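Novice: Here's the letter readout for the chains.
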Amino acid sequence: MSILSVQQLSKNYGYIHALKNVSFEVPKGSVFGILGPNGSGKTTLLGIVMDVLKPSSGSYLWMGEPGSNEQRKSIGTLLETPNFYHYLSGADNLAIAAAIKGKGKENIDKVLETVNLLQRKNSRFNTYSLGMKQRLAIASALLGDPDILVFDEPTNGLDPAGIAEIRQLIIQLRYQGKTIIMASHILDEVEKVCSHVAIIQKGVLKTVGTVQEILSSKSATNVQVVEIASEDIKLLESVVKDMPGVSAIEIKNGTLHIITDETVQASTINRYCFEKGIVLNTLLLKRKSLESTFLEITGNQSDR
Amino acid sequence: MLALLKIEWLKIKTYRTFWILFGAFVLLYPITFYFVANKYMETINLKSDETNMLNSILGAPFVFPKVWHSASWFGGLFFVILGMLFILLITNEVQYRTHRQNIIDGWSRTDFILAKFSVMIAFIVVATLLVLLSGFIVGIVQTPSTSSASLFEGLNYIGYFAAMAALYLNVAFLVAILIKRTGLSIIIYFTFVCIVDNLLWVILTLKDSQFGYFLPLEAADSLVPNPFKPKMMERRTVSDLSLLITSACYLAGFGYIILTSFKRTDLKT
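Listed in order, the protein sequences are those of chains X and R.
For the first sequence, this note's numbering begins at 1 and goes up steadily by one.
For the second sequence, this note's numbering begins at 1001 and goes up steadily by one.
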C-alpha cells in the first residue's frame, strides 16, 4: 500500500491554476523528491495533503485512508518556512508541538541534539539565525520519531556544512526505513538523496518514477549536458540557440548549460562557436544526470 | 477543552505582552474602582444638601446592594484591554504562521478555534471573579452597617458583566479571524466598540425606539447601564431577559461565523 496517494489534485487561485490534475503514489520506504522550479506548485501540493490548503478538486489518501488529525500527528512536517512563536525559546516551542502531537517532552532534547541546537535550546526563537530556525523546524518534524516525514526545501537557509549534515540526516532516516517526501528546486539535492522523483512544472506533473527509471528513460539517454561560457554570455546564448542538436539552454552561475544530442561532440560545439566569432573559455561535457532530464522535460528557462 | 487550554497556556505563560496587558486590567480596574469609591464617599460624607440630593437620586453607587452594579460597570470600562489582548493572541498566530503549524502538527481546525474559546472563557472567569471580589471589598468598606444591607440583592449584575465580557471578546475574536492583521484588527475593533456601536445606538434609540438595545454590543452593555445616570433618565423598556437572549444569539451567531470561516479558509499569511 502506498504511504501517500494523490488523485487528480487541482488548486486554483482565481484564474491561476497552481495545480492541475496531479496524481502520483509515494511507496513505503522511499525518499520521494518533488522537483520543480520556484512557484511550480510544490508547496501548494504539500499544503493540501497537510490540510492547511483546501483543494479545488481531487483527493488524497494517507496509508489508504482520507487525511485526518490523528494521521498528521504521526507525520513529521516542515512546510515552507519554520513557523514558531518568536517570543518563546526553541525548547518551549517544541514543547507546544509535542503537546499537540500528543508526544512527551522527553523527546525534545534528543531531537535538538540531532540538529545541533541543544546548546541554544533556551534562547528565544527570534534570536536564531535563518539556519538555526530551519534546524529547529527539522527538530520539530523529528519529534516522536515519526515513520513519515515531509520536508519542504529542508536545506533552505543552511550553510554548506549544514546542508551536508541535513542531507546526511535524510539518508540516515531512509536507512531507518522511514518514508520521506521532500520538495526541492535543487536538482543536485534530489539526485543525491532521493529514490523517487516527481517533476512538476507550472502545476502540471511532468513525470514521476524512480530516479534510476527517469535517468535511463529513452529521452534522457539520448541527451547530454554541456557547460560552456564566453566573455559575452548573452551573445553566446543567442548563437548557440540556433546550433543543430541543441534542445534546451539555461544560464546558471554565469555559464550556459545546454542540452544536446548525444552525438554532438565537444569539438563540434567549440568549432561552431569559433566560426561565429566567439571564443569559449569554458567547455565541460557533464555526465548524464537528472539535470539533463529535468531541463529536457521542463524546456527552456524562458518557457518555465 | 482543558487539554487545549493547557497548550494555550504554554503559548502565553512567558509572553511579556500578555502579562503587561493582563496585569494592566487586573491592577488598574480594582485600584481605580476603589479610589473612585473612596473619593465619592468622602464627598457624600460632607453632607451638604447638594450631595445629599445627589445621593438620593443615584442611590449610593458604592454601597450594598448597588455596589455590584457599579463594580460591573467599571469592569466594563477596563475590559477593552482584554479585548485588545485577545485580538493580539489570535493575530500573532497568523503573523507567526503558527495557526498553520498547529494544524500541520495535528490539531483540527475546530481544535484551534476551541483552544481560543477556552482562553476566552478563562478571561471571562478571571475578570468576573475580579469584579465580584472588587465589588465585595468596596461594598464592605463603604457600607455603613453591612449586616442590615442585603448583600446579594444586586448580584445579578455580576452575571450581566460576564455576558458583556463574553460578547466583547467574541466580537474581538470575529474581527481578528476575519482581518488577520494585528494593527488593523485593533483599529477596527476600537472604532466599532467606541464609535460605530454608540453612533448606531443613538440613531436607533431616537424617539424612544428600542431597536438600539438590540445592537451586538449594546445588548449586553445595556444590562449594565451607567450607575451615575439617574433612573428617571433611563428610556429602556425592553426586559433584561430579552437582552440576555439577544446576547446569547449574537454569541452563537458570531461563534458559528468564526468556526465556519476558519474551517473553510486556506491558511496562508
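Mixed in with the good hints, there may be bad ones.
[What the hints assert, rightly or not] Short derived list, chain R residues pointing at chain X, Cβ under 10 angstroms:
#1 Ile1007
#2 Lys1011
#3 Thr1014
#4 Arg1016
#5 Asn1092
#6 Tyr1096
#7 Gly1106
#8 Asp1197
#9 Asp1208
#10 Ile1245
#11 Arg1264
#12 Leu1267
To be clear, the hints were calculated from the coordinates, so they are not data collected in a lab.
Since the model is a prediction, treat every value here as computed from it, not as a measurement.
By construction, the Cβ of each residue, glycine as well, lies at the ideal position given by its N, Cα and C atoms.
Novice: Now tell me, hint by hint, if it's right for this structure.
Specialist: Checked hints:
{"no.": "1", "hint": "Ile1007", "verdict": "holds (5 angstroms)"}
{"no.": "2", "hint": "Lys1011", "verdict": "holds (6 angstroms)"}
{"no.": "3", "hint": "Thr1014", "verdict": "holds (6 angstroms)"}
{"no.": "4", "hint": "Arg1016", "verdict": "holds (7 angstroms)"}
{"no.": "5", "hint": "Asn1092", "verdict": "holds (8 angstroms)"}
{"no.": "6", "hint": "Tyr1096", "verdict": "holds (6 angstroms)"}
{"no.": "7", "hint": "Gly1106", "verdict": "holds (3 angstroms)"}
{"no.": "8", "hint": "Asp1197", "verdict": "violated (32 angstroms)"}
{"no.": "9", "hint": "Asp1208", "verdict": "violated (49 angstroms)"}
{"no.": "10", "hint": "Ile1245", "verdict": "violated (35 angstroms)"}
{"no.": "11", "hint": "Arg1264", "verdict": "holds (7 angstroms)"}
{"no.": "12", "hint": "Leu1267", "verdict": "holds (4 angstroms)"}
Hint compliance for this structure: hints 8, 9, 10 are broken, all remaining hints hold.
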